[in-house]
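Given the coordinates of chain A, assemble chain B onto it according to the supplied hints.
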Amino acid sequence: MNVNVMIEALPDLIGGLWLTLGLVALALILGFAIALPTALARLSAWAPLRWIAFAYVFFFRGTPLLVQIFLIYYGLSQFEAIRGSVLWPVLREPFWCTLIALALNTGAYTAEVFRGGILSVAHNQIEAARAIGMSPATTFRRIIWPQTIRQALPAYGNETILMVKASSLASTVTLLDITGVARTLAAETYMPIEIYTVAAMIYLALTFAMSQIIHFAEWKMDITRARP
Amino acid sequence: MFDLEGFGHLLLQGTLMTIQLALVSLAFGLVFGLIGAAMKLSRFAILRVLAGIYTALIRGIPELMVILFVYYGGVILLNNLAGWLGYDSYIDVSAFAAGVAALSLTFGAYATEIFRSAIRTVPRNQIEAARAIGMSPGTTFRRILLPQVWRFALPGLGNTFLIILKETALVSVIGLDELMRKTDIAVGYTKEPFTFFLFAALIYLGMTAFVMAVQQRLERRANRGVAGRVTP
Chain A
1 MNVNVMIEAL PDLIGGLWLT LGLVALALIL GFAIALPTAL ARLSAWAPLR WIAFAYVFFF
61 RGTPLLVQIF LIYYGLSQFE AIRGSVLWPV LREPFWCTLI ALALNTGAYT AEVFRGGILS
121 VAHNQIEAAR AIGMSPATTF RRIIWPQTIR QALPAYGNET ILMVKASSLA STVTLLDITG
181 VARTLAAETY MPIEIYTVAA MIYLALTFAM SQIIHFAEWK MDITRARP
Chain B
1001 MFDLEGFGHL LLQGTLMTIQ LALVSLAFGL VFGLIGAAMK LSRFAILRVL AGIYTALIRG
1061 IPELMVILFV YYGGVILLNN LAGWLGYDSY IDVSAFAAGV AALSLTFGAY ATEIFRSAIR
1121 TVPRNQIEAA RAIGMSPGTT FRRILLPQVW RFALPGLGNT FLIILKETAL VSVIGLDELM
1181 RKTDIAVGYT KEPFTFFLFA ALIYLGMTAF VMAVQQRLER RANRGVAGRV TP
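Note that the protein sequences, when read in sequence, are chains A and B.
At position 57 of the first sequence (counting the first as 1) the number is 57 in my numbering, and the numbers step up by one without a gap.
Take any residue in the second sequence, note its place counting from 1, add 1000, and you have its number in my numbering.
Keep in mind that the hints were calculated from the coordinates and are not lab data.
Take the hints with a grain of salt, since some may be wrong.
[To be verified] Some residues of chain B that are not near chain A, with every Cβ distance over 10 Å (derived):
no.	residue
1	Gly1008
2	Val1024
3	Thr1055
4	Phe1069
5	Trp1084
6	Asp1088
7	Ser1089
8	Phe1096
9	Glu1113
10	Thr1121
11	Asp1177
12	Ile1185
13	Thr1208
[To be verified] The calculated SDA-like cross-link candidates involving lysine to any residue, where the alpha carbons are at most 25 Å apart (straight line), are:
no.	chain 1	residue 1	chain 2	residue 2
14	B	Lys1191	A	Phe59
15	A	Lys220	A	Ile161
16	B	Lys1191	A	Ile100
17	B	Lys1191	A	Val86
Computed from a prediction, not measured in an experiment: that's the story for all the values here.
Ideal Cβ placement from N, Cα and C applies to all residues, glycine included.
So here's chain A without its partners, still in its complex pose (with noise of 0.2 Å):
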């Protein structure tokens, strides 16, 4: 092990660490944008909207995400439409076709992860809600929601991690994350394992600091513990 090449390589790799994080909040925030939605259509009194919600489920959790991120990034531009269209600037980016390639598959997990949640609701609640005269959005704002978080949080702070980790195939597609970074560095140097090494460790810490701040949310809500 040459440790010199790996505190060398480290603040090239932190370099890459802004465009991980980067990409894994806006994915997280635009993910969670579409589950809420979505997870609501699954459960939704009219089929077509139930059966859209399905598909859409169904594909991104059926298929692997490096193709969802190819089919993004190489496959739009076969269309002489959308090569000519104002998304264009777009979705020609490497980094906007990925976000929205993670932040739809993202999305589809989590969707899944809400509707247990809200299915796991008791429903004489949701008659009493409406019984004293609530409505619908009232019940599920003070109702469903805080107990679907409550029940949905382990789950989706599993997903995040899974985020950080599904950031990595960025490097695929030429962007400069910290898998990025550390390919361009392991084939400059010839010094794989030290490069690789630095960069697991990056990655280590990451998913460890974000399941400690799972940890605190998941801690902050629960009832059973005492309040003061």
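Only chain B this time, still in chain A's reference frame:
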């Protein structure tokens, strides 16, 4: 709907390679998982710590990183080891071997936790009862422990296999001729990335749907005769 322009057999070859990679990784991964679980439940602290490091490392590092590490780093480590043992010709690591190593290590880490919690769900007094009527440890494992562990572990193992099946696509990064890479080649010739990547996606979708169906059948079989535990 799809005009594959004569690249159908190429994609078929890739699909077969993907299936092969996934199944070989599953076989090795199950072995790693059983060893890992045995270590975690061991009386010896050193084995428990080693197994803990193994699962923590694999679960905290991206799979792509594991694949790159095993492929590019593994060659160096292996040759250093061989040189140290006095063997001086160069050893090459194939992309398939590196892929199997990385994916089975990943599967093994998840399977370790699944087996560990499944083994702990079997009440201890059943094992004591088996010993008391004179069953050997081997027979106890085979007749008492295994059928119950299998039942509790199946859902988790099935889900982990689905993850591994999708992650085989990452092995294309180190040049294994599996479905993704063959699709890439077809895209290079036809300049129709959407058509071919969508077709590849549908093949993956077919494979995951098939695995899910098999998983459901196996679960129903493993749960036969257990009251109140009928899978839908």
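Right, here's what the structure says about each hint:
no.	hint	in the structure
1	Gly1008	holds (18 Å)
2	Val1024	holds (18 Å)
3	Thr1055	holds (12 Å)
4	Phe1069	violated (5 Å)
5	Trp1084	holds (15 Å)
6	Asp1088	holds (20 Å)
7	Ser1089	holds (20 Å)
8	Phe1096	holds (18 Å)
9	Glu1113	holds (12 Å)
10	Thr1121	holds (19 Å)
11	Asp1177	holds (15 Å)
12	Ile1185	holds (13 Å)
13	Thr1208	violated (4 Å)
14	B:Lys1191 / A:Phe59	holds (24 Å)
15	A:Lys220 / A:Ile161	holds (19 Å)
16	B:Lys1191 / A:Ile100	holds (23 Å)
17	B:Lys1191 / A:Val86	holds (23 Å)
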